[in-house]
Amino acid sequence: MTDEYEHYEAVVVGAGPGGAAAAAALAKQGVETLVLERGTEAGSKNVSGGLIYAEKSAPYTIDSLFPDFREEAAERPVGEYYMHNIAGEKVKTFDLNKIHHHDTEWCDAVLRRHMDSWLADQVHELTRETGGGLLTDVRVNGLLREGGQIVGVTCDELDPIRADVIVAADGVNSELARDAGLMDWEDPEEWFQGVKAVVEMDPEVINDRFDVSPEEGVAHLFGGDLFQNVRGGGFLYTNEGSLSIGTVFHLDSLADERAEPHELLDSLLTHPLLDQWFQGEYDEREYAAKLVPDSKKVAHPSPHRGRLLLVGDAAGQMQAQGPIIKGMNHAVTAGGLAAEAYQEAKTRGQPEAAGALYEQKLEDEGVMKQLRPQRYRVTRFVSESPPVNWLGEKVLNSRVGGVGIKAFGGLLERSFNSPFVLGMAPDTKLTYVTAPARIGEVLGTPVTAENDIEPPELDDRIGDLTYNVGDPHIEVLDDSFEASGLAVTACPVSAKGFGGGCYREETVQTNGSTERKVSLDTQPCVECGTCAIVADTHWEHPSGGKGVEYKQG
Amino acid sequence: MEYYGGVNDETLRPPTVWYTDRVEINMHMVVLTKGVPDFREGKVSFDEDGHLERGKTPTVMNPNDKIALRAALQTKVKHGGTVSLMSMGPPGYKEILQEGMREVYADDLYLFSDREMGAADTWATAMTVATGIEKLGEEPDIIFAGFKTADGETGHTGPQTNWCLDINENMTDRPLITHVISLDIDEDEGIVRAKRLVEGDVSEIETIEAELPAFVVTDPEFVANYRRAEYRLRYRDLREETQERAANLDLDEDVTVWNHEDLNLDPDFIGLDGSPTIVAGVDPIPKGPSEREAQMITPDDQEGMEAVLEEMQQFVAGD
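Just so you know, the protein sequences line up as chains A and B, in that order.
Just so we're aligned: 162 in our numbering is position 161 of the first sequence, and the numbers increase by one with no gaps anywhere.
Just so we're aligned: 199 in our numbering is position 185 of the second sequence, and the numbers increase by one with no gaps anywhere.
No lab work stands behind these hints, which were simulated from the structure alone.
Glycine residues also receive a C-beta, built at the ideal position from the N, C-alpha and C atoms.
There could be a bad hint or two in this list.
Cβ-Cβ distance ranges computed for the label pairs, FRET-style [unchecked claim]:
hint	chain 1	residue 1	chain 2	residue 2	range
1	A	Asp122	B	Ala294	54 to 64 Å
2	B	Gln328	A	Asp122	35 to 45 Å
3	A	Leu466	B	Pro72	26 to 36 Å
4	B	Pro173	A	Asp69	40 to 50 Å
So, partial list: chain B residues that the calculated Cβ filter (under 8 Å) puts toward chain A [what the hints assert, rightly or not]:
hint	residue
5	Glu167
6	Arg241
7	Arg242
8	Leu247
Given only the sequences and the hints, what does the whole structure look like? Please build it.
As structure tokens, this is what we get:
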């Protein structure tokens, strides 16, 4: 019997692509590495739109660390990329292949349950040889400190564990990043919210309707006036035997407009443009949601504290390059660099310098430049200012603007393909709604098809998800409608007037007056973290193996 | 430090260097088990008179014995060693033993089986099993038994087996600890520390210490605890290794079967002849008489459904 805490040289929290990359790179250097994953299997807590890139300029790619990745873990390679500018039923399609292929070695569609669980098996084999290994069903709930210094992690299911280096790859709602005071959940402007439906479709039918070979896939993006003025857009990616179709919106816009995420997804699903692919058939495998950090605003310039290094979404390393969203590739690079930094610092006899070295590497390898482009920082104060946007809207919507769009349609398509222009694209309605809608209106041709598919109701979507219900993991601190009412609409599994979701609006009679209150039931929670930002809550993840379990992801 | 000394990639078999930083005491544990009818809903079959239809009901490992196996597994994970699973019964019980290897990761499988052993009561069973344990040669550090079988429900066989071992001059007398809900081994002291329910009462728990070797009967409330990552990693190794072994098990080769001659047992003292218990009779559990008339209403019957709702309304209102 021993009362001593366990010690591992490295503890990696989270077995997504960032954690897997860090753990693999550490293990390959012979570092004793323990990986702790809270899902019942890696991938069961993970959602992404579904494209993973390997960039030519990146020091690490997922297949450089896991050679069989594309063969074993990915769906279809995505070679074609289109953007549809929509105004009512008028659509103008731009070819975005140039930006898609810019610096791209390859790009594959993925489903996270399959991908992450495959990665986890590889990681376990690699790390086991170092004396560590990978454990699922373990939730790391905070940092172990001694004399104010971070020395390890604490868990729900295990006794505290000491480590020389801790890699927090615990995702967008990283509890470790918050425990360390490196990230917060304050400002909706810093986040996107994505919702996604994975839709069943036979591989042969995909080949036929998307005009691709069995080894090819395609990506489509959608912008314009179909999302009730909420800033954001939609996507469709082809998997092997399914489609990933989703929408991504700025959380502040979504919350302010009181829009219902699942309804916005339905607006896309039922648009006539999609009839060419559905042809009246629609079988939804899974509904999912996730928060996405906007790296332009939140990618942490110094993502470390003491022995703790943040990787991937936990550090806000999620790049929205205009319509193209890149997250997993950056997480992989960051994971690799974090491992490299620790090994180098250790070799120099200064393991405590790992964090600073990691920061330096993110800078030197150009990762930070991609995540937080200088151009955006410089131009946003002008381009996002109300007068400029007012003027922009006026010009675009005027006859003059229409003439300009007609004359420069080709130039517009080219600028959508320019990483330089996209890097400074402002986060305003002008970019996301007005411009695509105006392009669709002026240059587009009407789609005549009728799309009569009926996506499932929200209660069916929740009912189709798998849950292992544990104790409530979110507490509403202020249940007044003023403080927490936005969650009723912004939560992807709640809706106004819907009783089966997480958040409900209630009217309570007290001493003759009526009050608007918000009540919470965490049972249908998909752990996206939206309410942590738009409502006044105490937000934690459920214990290991508890809560929602995605089968697709 | 060198890990996995010389183990190549193809071998998942965990290396013994796991235990380099600890005293390897290599515990040997024996777990007793029995096959019982699968009483779960949908599996079990009764005839019109309420008698169990053995032929139509599959035989499975007694659920309480899986709990005993979990206790043995916990000990093995934390302290190293092997778990031998033993049963007495017909040759078909080999599959029960295989189930124990697949699901609860037993190492060695033993079956005591021949016609002379048939129809034994708890006494004759205990006699046979105790002799089997003696035949192992080395005395096990801990013998585990589950709490009651799902069919006999006596709860006698475990304690009686320990008593048979006690009266055997060749075997060490071992303390008997029943209703165990959690278990720890103190390697330095050579003792077992257990929490147990006093008189099987959930509200009263005592902690006791006993010297090894010991005999442990687990309570259905037993919970294995693995609060260290190293335990869970080792558990994961064991699972991968033993599940593969169970899948490739050759029931004829890999299960050690001993008959009464192997055990040097006099047929008069085992099986039906050696069983002093007289079963006076077995009565099926009578169905409770229904006190109210049931009326069937299909959901399509609108009038009927309305009547149902009306009936229910008073309860909704809280009257």
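Verification of the hints:
1. A:Asp122 / B:Ala294: 54 to 64 Å: Distance hint for A:Asp122, B:Ala294 holds at roughly 58 Å.
2. B:Gln328 / A:Asp122: 35 to 45 Å: 58 Å, violated
3. A:Leu466 / B:Pro72: 26 to 36 Å: 33 Å, holds
4. B:Pro173 / A:Asp69: 40 to 50 Å: 55 Å, violated
5. Glu167: 32 Å, violated
6. Arg241: Holds, about 5 Å.
7. Arg242: 5 Å, holds
8. Leu247: Result: holds, 4 Å to nearest chain A Cβ.
The structure shown violates the earlier hints numbered 2, 4 and 5.
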